[in-house]
Amino acid sequence: MNPFLKNIVRKKLTEVTPNELIIQARNYNVELTQVQAVQIVKILSRKDLDPFKKTDLASLLKQLEQITDQTTVKKAKIILNQFIKQYNVADWFY
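Numbering (the working numbering), first residue to last: 1 to 94.
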């Protein structure tokens, strides 16, 4: 586990803009409206959120489903799992 890289990821999540989120969503063929992106960014900007903590991640995905739908959450999980495998960072999550 690399604390420096984890902090970079956390910082980026708390600073992402709705437009950046929409662009990234399009890159992964996920449809997001501007309103949804604003709501998601509001959740991501919380300083107490630890996306590497499994309970926080589960809560985040549940909130994402309330904002979007089950299909979007399933896609988010697939993308996250691809990221974890691609960068071999499974040990970052606890």
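Just so you know, these hints were derived from the structure itself, not from any lab.
Ideal placement from N, C-alpha and C gives every residue a C-beta, glycine not left out.
Check before you lean on any hint, since a few could be wrong.
Claimed, not checked - Between beta-carbon pairs, the in silico distance windows are:
id : residue 1 : residue 2 : range
1  : Y94       : Q34       : 15 to 23 Å
2  : I84       : E20       : 31 to 39 Å
3  : E31       : F4        : 16 to 24 Å
4  : F4        : T71       : 32 to 40 Å
What the hints assert, rightly or not - Calculated pairs, BS3-like style, for lysine-lysine (alpha carbon to alpha carbon, straight line, at most 30 Å):
id : residue 1 : residue 2
5  : K85       : K75
6  : K12       : K85
7  : K11       : K53
8  : K62       : K11
9  : K54       : K11
10 : K54       : K75
11 : K74       : K53
12 : K62       : K85
13 : K77       : K42
14 : K47       : K11
15 : K12       : K75
16 : K77       : K47
17 : K42       : K75
18 : K47       : K85
19 : K47       : K74
20 : K74       : K85
21 : K47       : K75
22 : K85       : K42
Verification of the supplied hints:
Take Y94 and Q34: their Cβ atoms lie about 34 Å apart, and the range 15 to 23 Å is violated. Checked against the given bound of 31 to 39 Å, the beta carbons of I84 and E20, roughly 21 Å apart, lie outside it. One distance hint, 16 to 24 Å for the beta-carbon pair E31 and F4, is violated here, with the actual separation near 34 Å. Between F4 and T71 the beta carbon distance is about 35 Å. The supplied range of 32 to 40 Å therefore holds.
Our distance criterion of 30 Å between C-alpha atoms is met by K85 and K75, whose separation comes to about 15 Å. For the hint pairing K12 with K85, the CA-to-CA distance comes to about 20 Å; that is within 30 Å, so the pair holds. For the hint pairing K11 with K53, the CA-to-CA distance comes to about 15 Å; that is within 30 Å, so the pair holds. Annotation: proposed proximity of K62 to K11 holds, straight-line Cα distance about 21 Å (limit 30 Å).
Straight-line distance between C-alpha atoms of K54 and K11 comes to about 18 Å, which keeps the hinted pair within the 30 Å bound. With a C-alpha separation of about 18 Å, the suggested pairing of K54 with K75 holds against the 30 Å cut-off. Proximity of K74 to K53 is assessed by CA-CA distance (about 19 Å); at most 30 Å being required, the pair is judged to hold. Our distance criterion of 30 Å between C-alpha atoms is met by K62 and K85, whose separation comes to about 23 Å.
At roughly 20 Å between alpha-carbon atoms, K77 and K42 fall within 30 Å of each other, so this suggested pair holds. Note on K47 and K11: the hinted pairing holds, with a Cα-Cα distance of about 9 Å set against a maximum of 30 Å. Our distance criterion of 30 Å between C-alpha atoms is met by K12 and K75, whose separation comes to about 20 Å. Distance hint between K77 and K47 is fulfilled; the C-alpha atoms sit about 22 Å from each other, no more than 30 Å.
At roughly 20 Å between alpha-carbon atoms, K42 and K75 fall within 30 Å of each other, so this suggested pair holds. The suggested pairing of K47 with K85 holds, with an alpha-carbon distance near 26 Å, which does not exceed 30 Å. Using a Cα cut-off of 30 Å, the hinted pair K47 and K74 holds, with the two alpha carbons roughly 25 Å apart. Of the supplied pair hints, the one linking K74 and K85 holds, its CA atoms being roughly 17 Å apart against a limit of 30 Å.
Between K47 and K75 the alpha-carbon distance is near 25 Å, which keeps this suggested pair within the 30 Å criterion. For the hint pairing K85 with K42, the CA-to-CA distance comes to about 28 Å; that is within 30 Å, so the pair holds.
Checked against the numbered hints given earlier, the structure breaks hints 1, 2, 3 and satisfies all the rest.
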